Amino acid sequence: MIAGFDTGRQGGLAYAAGGEGPPLVLLHGFPQTHAMWAHIAPILALTHRVICPDLPGYGDSDTPGLEGASFRAMGQAVLGLLDHLGVERFALVGHDRGGRVAHRLCLDAPDRVDRVALMDIVPTHTLLSELQHDVATAYYHWFFLAQPEPFPDTMIAADPDAYFESCLGGWGGDGLSAFDPAQLDAYRAAWRQPERIRGMCDDYRAGVTRDFEDDCADLGARIRCPALILYGEQGVMARFYDVAETWAPKCTYMEAQGIPGGHFFPDTAPEVTAAALAAFLEERGASDSEEA
Amino acid sequence: MTASLFPGFTEERIPCGAVTLFVRHNAAPDRPALLLLHGYPQTSAMWHGVAPLLADRFHVICPDLRGYGRSDKPASAPDHAPYSKRAMADDFAALLDHFGHDSAWVGAHDRGARVAHRMALDHSGRVRALVLLDIAPTREMYANTSTTFARAYWHWYFLTQPAPFPETMIGHDPRAFWLGKCIRQAGSTGTGPFHPDAKDEYLRCFDDPAAIHASCEDYRAAATIDIAHDDVDGGRKVSQPLLALWARRGVIERAFDPLSLWRSRADDVTGKALDASHYMAEEIPSEIALHMTRFFTARA
Numbered sequence: 001m002i003a004g005f006d007t008g009r010q011g012g013l014a015y016a017a018g019g020e021g022p023p024l025v026l027l028h029g030f031p032q033t034h035a036m037w038a039h040i041a042p043i044l045a046l047t048h049r050v051i052c053p054d055l056p057g058y059g060d061s062d063t064p065g066l067e068g069a070s071f072r073a074m075g076q077a078v079l080g081l082l083d084h085l086g087v088e089r090f091a092l093v094g095h096d097r098g099g100r101v102a103h104r105l106c107l108d109a110p111d112r113v114d115r116v117a118l119m120d121i122v123p124t125h126t127l128l129s130e131l132q133h134d135v136a137t138a139y140y141h142w143f144f145l146a147q148p149e150p151f152p153d154t155m156i157a158a159d160p161d162a163y164f165e166s167c168l169g170g171w172g173g174d175g176l177s178a179f180d181p182a183q184l185d186a187y188r189a190a191w192r193q194p195e196r197i198r199g200m201c202d203d204y205r206a207g208v209t210r211d212f213e214d215d216c217a218d219l220g221a222r223i224r225c226p227a228l229i230l231y232g233e234q235g236v237m238a239r240f241y242d243v244a245e246t247w248a249p250k251c252t253y254m255e256a257q258g259i260p261g262g263h264f265f266p267d268t269a270p271e272v273t274a275a276a277l278a279a280f281l282e283e284r285g286a287s288d289s290e291e292a
Numbered sequence: 293m294t295a296s297l298f299p300g301f302t303e304e305r306i307p308c309g310a311v312t313l314f315v316r317h318n319a320a321p322d323r324p325a326l327l328l329l330h331g332y333p334q335t336s337a338m339w340h341g342v343a344p345l346l347a348d349r350f351h352v353i354c355p356d357l358r359g360y361g362r363s364d365k366p367a368s369a370p371d372h373a374p375y376s377k378r379a380m381a382d383d384f385a386a387l388l389d390h391f392g393h394d395s396a397w398v399g400a401h402d403r404g405a406r407v408a409h410r411m412a413l414d415h416s417g418r419v420r421a422l423v424l425l426d427i428a429p430t431r432e433m434y435a436n437t438s439t440t441f442a443r444a445y446w447h448w449y450f451l452t453q454p455a456p457f458p459e460t461m462i463g464h465d466p467r468a469f470w471l472g473k474c475i476r477q478a479g480s481t482g483t484g485p486f487h488p489d490a491k492d493e494y495l496r497c498f499d500d501p502a503a504i505h506a507s508c509e510d511y512r513a514a515a516t517i518d519i520a521h522d523d524v525d526g527g528r529k530v531s532q533p534l535l536a537l538w539a540r541r542g543v544i545e546r547a548f549d550p551l552s553l554w555r556s557r558a559d560d561v562t563g564k565a566l567d568a569s570h571y572m573a574e575e576i577p578s579e580i581a582l583h584m585t586r587f588f589t590a591r592a
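In the order they appear, the protein sequences are chains A and B. Take the numbering used here: the final residue in the first sequence is number 292, and no numbers are missing along the way. Take the numbering used here: the final residue in the second sequence is number 592, and no numbers are missing along the way.
Chain A with its partners taken away, still in its complex shape (with noise of 0.2 Å):
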């Protein structure tokens, strides 16, 4: 799906990878796989080693049914991978879960993560703990995929094409045909997939009890590692939050920026998308001069 990248298998992870360079982690999001970053992450590999997983329960990895689907056993996967793989320390991006992962994880294995840009999201916590009326509305999926097992599963597999793709028609994007057709077959292949179904609605059932216990439980908690805010700025966390405001308690060092589009900004714009990552990498170099 990304041209010029090998695909592999390990642990029941599926992933691309690609380039040379200082290793960069990406982690998609609900409802999509690895394919998302198919316009992006061949800019990325031009100075970088780029390493794409589908997250457990996504795509082309195993389902590893509700234990393994908190954000913290996700990124435990995502390290096992890694390890396999010979890298120590990397850059993360992670957009929607995959952000939610990519923040668990800085909290985590802080000595492996040396940079992190999260998209679009609003920290877990923060969302669950202070839900307001309209966010839930907007937000609807994370209580309807959170109802016990087989009962959204079974809904969503009589139709899992109106049912996703109303998802990535929605939360401030412009419908589907923003989208590449390519990408969006991707998905597709990947939804249609019973297994995939339960493995995004454990994500969920995780998110509203397990996860949010791990984050209760060390709320001053702060991403040491440099951090990128990127959010759609036509988007719905835009919408109802100051998406940088509800970060900066959590980052030590935090910059953020709004893209153009909803949602999924990195599919209906991935170069934008592409250049903010790059230039944030960018300063990578120099600030590990700094600490050399």
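To be clear, the hints were calculated from the coordinates, so they are not data collected in a lab. Among the hints, a few may not be true.
Here are the in silico distance ranges between beta carbons for each label pair [what the hints assert, rightly or not]:
id, chain 1, residue 1, chain 2, residue 2, range
1, A, Glu149, B, Pro501, 21 to 29 Å
2, A, Glu213, B, Ala502, 41 to 49 Å
3, A, Asp218, B, Thr516, 38 to 46 Å
4, A, Phe240, B, Glu579, 39 to 47 Å
5, B, Arg586, A, Asp218, 46 to 54 Å
For the chain B half of the interface with chain A, some residues (derived, Cβ under 7 Å), not all of them [claimed, not checked]:
id, residue
6, Thr437
7, Thr439
8, Arg443
9, Trp446
10, Tyr449
11, Phe450
12, Phe457
13, Thr460
14, His464
15, Asp465
16, Gly472
Computed from a predicted model, the values in this text were never measured in an experiment. C-beta atoms are modelled at their ideal positions from N, C-alpha and C, and glycine is treated no differently.
Based on the hints, put chain B in the right spot on chain A.
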């Protein structure tokens, strides 16, 4: 079937202004009227355990709300006004006209209780007192949104998504949706607290795509135009006596302070939690009927 569920009751379709409603009643128009209003996703059949216990004392009138059961399901509008609680309350004022009742006692559950709240404000002379089952005021519930609430009442946020998305997803298997939602909300397994004949009626009625759409419109109205109507009312409170009964095993108990929320919207509020799930009229019908009889006769 109805004979066994509602012994001695009559079934009629009655023109009520803009719509015709399906109504079960005990054909005793000389007795004081008691209007019983059902909730989502149900029909008047939910009163089968309560209504017969009240039939000696009242003219017990159990309509299907517009959009539900065998009542008309008028086309909606972009502002959802045809499914506003105001429109539904107007239906029931017309229903009282039809029977020649100046006013009625009102017992109501869930969506029906939201209609009863609006009816007490819009037709204050027609409503003598209210017993409301397992709700807090709509506007105040939304204003007090929490994760606890959204996890339990996820359907408040799902059903209000723009048409036809929830309609399409539900329509693939309405019965699986109905059972999955209601059995779980009852904290139950198997057939839940529902009488088999009542459940058959609920499921049969919910097979109708027009009923699915209308019930989504009911929720869309609740999230928009019903709140707008509340806001226009400002601080105006219900002046009639109001008894709030809610389920100890439900989200009203877990996520809200229903007495204090009701006291912000009504002058004369009493109430308590009862040991039941959300579908309390079907779980503990004798207790509900006793509460209604005591509350209404003490205020006659």
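Any hints this thing doesn't respect? Which numbers, in order?
none
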